[in-house]
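Visitor: Position chain B relative to chain D; hints supplied.
Chain by chain, the residues run as shown.
2 protein chains.
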Amino acid sequence: MFTSRPIGFVSSPYKDVGEVPKGLGAQHEADGVLKILPEFGAGLTDIEGFSHLVVIWEFDRARGFELLGTPPSDNRPHGVFATRSPRRPNPIALTIVELIRREGVELHVRGLDMLDGTAILDIKPLLSSIPSERLRRGWLAEAEARQKS
Amino acid sequence: MFTSRPIGFVSSPYKDVGEVPKGLGAQHEADGVLKILPEFGAGLTDIEGFSHLVVIWEFDRARGFELLGTPPSDNRPHGVFATRSPRRPNPIALTIVELIRREGVELHVRGLDMLDGTAILDIKPLLSSIPSERLRRGWLAEAEARQKS
Chain D
1 MFTSRPIGFV
11 SSPYKDVGEV
21 PKGLGAQHEA
31 DGVLKILPEF
41 GAGLTDIEGF
51 SHLVVIWEFD
61 RARGFELLGT
71 PPSDNRPHGV
81 FATRSPRRPN
91 PIALTIVELI
101 RREGVELHVR
111 GLDMLDGTAI
121 LDIKPLLSSI
131 PSERLRRGWL
141 AEAEARQKS
Chain B
1 MFTSRPIGFV
11 SSPYKDVGEV
21 PKGLGAQHEA
31 DGVLKILPEF
41 GAGLTDIEGF
51 SHLVVIWEFD
61 RARGFELLGT
71 PPSDNRPHGV
81 FATRSPRRPN
91 PIALTIVELI
101 RREGVELHVR
111 GLDMLDGTAI
121 LDIKPLLSSI
131 PSERLRRGWL
141 AEAEARQKS
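Line by line, the protein sequences are chains D and B.
In terms of this note's numbering, the first sequence opens at residue 1 and continues consecutively.
In terms of this note's numbering, the second sequence opens at residue 1 and continues consecutively.
Just so you know, these hints were derived from the structure itself, not from any lab.
Model, not experiment: these values are computed from the prediction.
Among these hints, one or two may not hold up.
[Unchecked claim] Derived list of chain D stretches under chain B, where covered just means 3 residues or more per stretch with a C-beta under 8 Å from a C-beta of chain B: (1) 3-17; (2) 65-78; (3) 81-89; (4) 92-105; (5) 125-139.
[What the hints assert, rightly or not] Distance ranges between label pairs, derived from CB positions: (6) B:H108 / D:F2: 25 to 33 Å; (7) B:R61 / D:R87: 24 to 32 Å; (8) B:R134 / D:K35: 23 to 31 Å; (9) B:S149 / D:R61: 44 to 52 Å; (10) B:H108 / D:A141: 20 to 28 Å; (11) B:D31 / D:L127: 17 to 25 Å; (12) B:I96 / D:E19: 24 to 32 Å.
Think of the CB as a built atom: it goes at the ideal place given N, C-alpha and C, for glycine as much as any other residue.
Only chain D is shown next, with the shape it has when bound in the complex:
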């Protein structure tokens, strides 16, 4: 067990949940800045060599959790562990962003989907990727197919 602590905060164009693109086909291409606290700055050493980062952050505006819920991308309920719902037993979120440039303790990135001021818990380099032809996307692929038909 541990208690979460922010290593920094997101500077994002999204000030309100309603502004974040959601649902089928939502694109996350917003630019913003991951502002890391100065005391953790040394932890960024050599990060600029990576094109993509895994940002782990806290759903700090979600309250409680829901084991079954209907996501914005479907009209049917699914288990929380089969969705990206913010109402999870541990309110941990994950976004893969593209690192555009680093300026000291500020990481300028593309592909944000978090609200302005969100607490960042961790950053990891993205080291590998699953080939897209090997990915099966379950209910989400079915919801997309229903929308197209």
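Guide: Just chain B, lined up with the frame of chain D:
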């Protein structure tokens, strides 16, 4: 801020840190089981449609953190946020596994790199992937190139 709580535990062939493949070219192909606690079982609804899962787990045997460290894959130090070191400000780990099959609250998976008994914090479906030709892998690619030359 939140306090982490396990949603389940990993059943893994690795009983000791020294048994987990590490360093350049390490392959994580171990089979094992994510045993979810019965009270969270409903959260697994429809998870079997996804081929790959993001497992978020706790480095529950790591103590403290280190902003600069030398990973097993290199002989030079790098910032903690540019590595997968277990000694992080928030001891959060992430592994992408392939879902082989589900049996009730047990997810049989391939690609484990955690120790037996590790606490699982969250599971999310892997929804998309960065094309490998767009990935730059910084110091890790350099360390691989040095090893080959």
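Visitor: Does each hint hold? Answer for all of them.
Guide: Tested hints:
no.	hint	result
1	3-17	holds (count 4)
2	65-78	holds (count 4)
3	81-89	holds (count 6)
4	92-105	holds (count 3)
5	125-139	holds (count 14)
6	B:H108 / D:F2: 25 to 33 Å	holds, 28 Å
7	B:R61 / D:R87: 24 to 32 Å	holds, 29 Å
8	B:R134 / D:K35: 23 to 31 Å	holds, 25 Å
9	B:S149 / D:R61: 44 to 52 Å	holds, 50 Å
10	B:H108 / D:A141: 20 to 28 Å	holds, 22 Å
11	B:D31 / D:L127: 17 to 25 Å	holds, 21 Å
12	B:I96 / D:E19: 24 to 32 Å	holds, 29 Å
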